[in-house]
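Protein chains: 2
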Amino acid sequence: MPTIFPKIKKITVHSHAHSYPVYIGHKTVLENMSSVLKPLQLSTHFIVVTSSVISDLYWKKIKMCFPSSVNLERILISDREKDKNLNTVQKIIGNLLALKAHRKSCLVALGGGVIGDITGFVASIYMRGMDFITIPTTLLSQVDSAIGGKCGVNLKEGKNLIGSFYPPKAVFSDISFLKTLPQKHYRSGLAEVIKYALIDCPQLWQLLQKHPSEILKRDPTFLEKIIPLSVQTKKKFIEKDERDFSKRQILNFGHTLGHALEAHDKYRRLTHGEAIAQGMYYATQLSLQKNICRPEAAGQIQGLLKKYGFQKQALPKNISSYIARDKKGDHKNISWVLIEDIGRVQRRPIPLKAF
Amino acid sequence: MPTIFPKIKKITVHSHAHSYPVYIGHKTVLENMSSVLKPLQLSTHFIVVTSSVISDLYWKKIKMCFPSSVNLERILISDREKDKNLNTVQKIIGNLLALKAHRKSCLVALGGGVIGDITGFVASIYMRGMDFITIPTTLLSQVDSAIGGKCGVNLKEGKNLIGSFYPPKAVFSDISFLKTLPQKHYRSGLAEVIKYALIDCPQLWQLLQKHPSEILKRDPTFLEKIIPLSVQTKKKFIEKDERDFSKRQILNFGHTLGHALEAHDKYRRLTHGEAIAQGMYYATQLSLQKNICRPEAAGQIQGLLKKYGFQKQALPKNISSYIARDKKGDHKNISWVLIEDIGRVQRRPIPLKAF
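Residue numbers (the numbering used here), protein chains in the order written: chain A, 1 to 355; chain B, 1 to 355.
There's no promise every hint is true.
Identical copies carry no separate label here, and so any pair may be met within one copy or between two of them.
Claimed, not checked - Below, a list of computed lysine-lysine pairs in the DSS-like style, where the Cα atoms sit at most 30 Å apart: (1) Lys266 <-> Lys104; (2) Lys156 <-> Lys82; (3) Lys332 <-> Lys100; (4) Lys104 <-> Lys235.
I should point out that these hints are in silico values taken from the structure, not numbers from a laboratory.
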């Protein structure tokens, strides 16, 4: 692929199940998808799961991206976090049965994180597992949720309480999708990019520091750099600990408080990125309190968050009861990721009663 | 284990996820479970999923089989095939949340196939996967469903349409459970034992031929032979093709028609074994028609089925529409397993329109 399609970056992610390619490029990924899909020989029956908004914008184009020989169908679902539940799973499965999808059919997640998480989960359980590929259309999904094989749905009791580790067969990340993304959602993805810079990527930190206006304006030249760097950083952690019992938890920097804020907000107003930006502010402050982090580094981190429009907010009073529900905890301690310096973090269990 | 507990057979099954031991013995498996569990270091929090019938019979005994140091809890569910559905999955998950089960808790399936299938499925999706062990209490589950990692639930559209390949961490098969099993269900398991003999185990065939009265009377001496031989035969096929795309389908001998009969019967009167016994009659007849099988061998097979109380029945008139729904088919052909001789079978796609 690199020799034939020089303008596409290909990153291979290794998982317990199989290795899969992540293709990243501006326009080039969609233009060449058909040629990439053919040798993968995934299926002759593809079923795209997407939202009506994405479908209205891109369905005509997407149809052209698949080999003309395949049978291509479409299932429309809601892409709201509140609909990422078992009802939607059952709806998709009902549609799959009606479309006579079998174990050798292939699902396609076309959309952001909600679409990807739910489609991957359906792929993992329909007839005990079928293949799926993802075409992430948001920055957040391109740099985070489409990579690493985590999929699942929410229960009324909490987020992602049901799910699997079920990696896709390929990820097609085309930067051109990002031009139709509302700025609020684009910035949500940027918060995860900032997180990668902070936990382990000095190169990304430099780019974010030096080019905020280009990056905030979605300049493709910079997106072609920051997306692969983000994916590379995530890859590093998930390949060491796919099932998220140790190293992978580093990726949770900003997420302990972030998840609690999202739950407190009932997933209504705050985007995921806004929540984890607050989480990063708080984790930095906690690192200062614990004498782990130098005040200069903390200042720089807070400066970068501000540069990308994330202002520090006061915490809701009852937030500690939401922190207590963290899946990574063990009912006594909460596993926090604290920052030592830019590009260097550590995991630390902190007693729940400390909050 | 074999040196310390000479009266327990241990068979190790290799799967994509991990290898797991299957312990088989008469009384000895339960008596020694605690000593076996300790070095496995699975969890300090075990949650047993079982039915009220099994619980009434065995809960006191089971409690003694776990190390006294662990936190042991219990969830009661229905063990009827019609309740092997997403509602029961949600009920178990609600209970797990109430019991504060986390990713490092361990589920225990205590019961027959329904309990095992649904518990394994919940283990595969709760917080993206937790460990589970099984204590199969029926002959059918000891020789078949507890081995091989297939788990799942039914939809109104069909059986096992949702599920995973998710192997247990260990299987504890104690023959003493079988003494309280209704004869109808015991014979259901025997049909699968007969299947193993027919597809690949001459030693099992000899035992079944020579000792029908001892085996029908559940003589532990013979059960201690036929259960391990059955597990060994299943192991051979699933290790070659865990995901059931080729070799494993040999295990489907008798099941193409068997599943259709169960669906036609709406899973009410026929046991699984009764259905596949009819399936074996029919597959043998089909093998004769296709000139694959010698009439002498066909006669011997039919003779053995009769010996174990399975009488040939007339097929329902509309059975072909149920055969057409077979998950192993591809909408044009149905994949049948035909028999060449005792201990030798072959897979053969036969056009759907032939029925």
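>> Under the constraints set out in the numbered hints, which ones does this structure not fulfil?
In response: none
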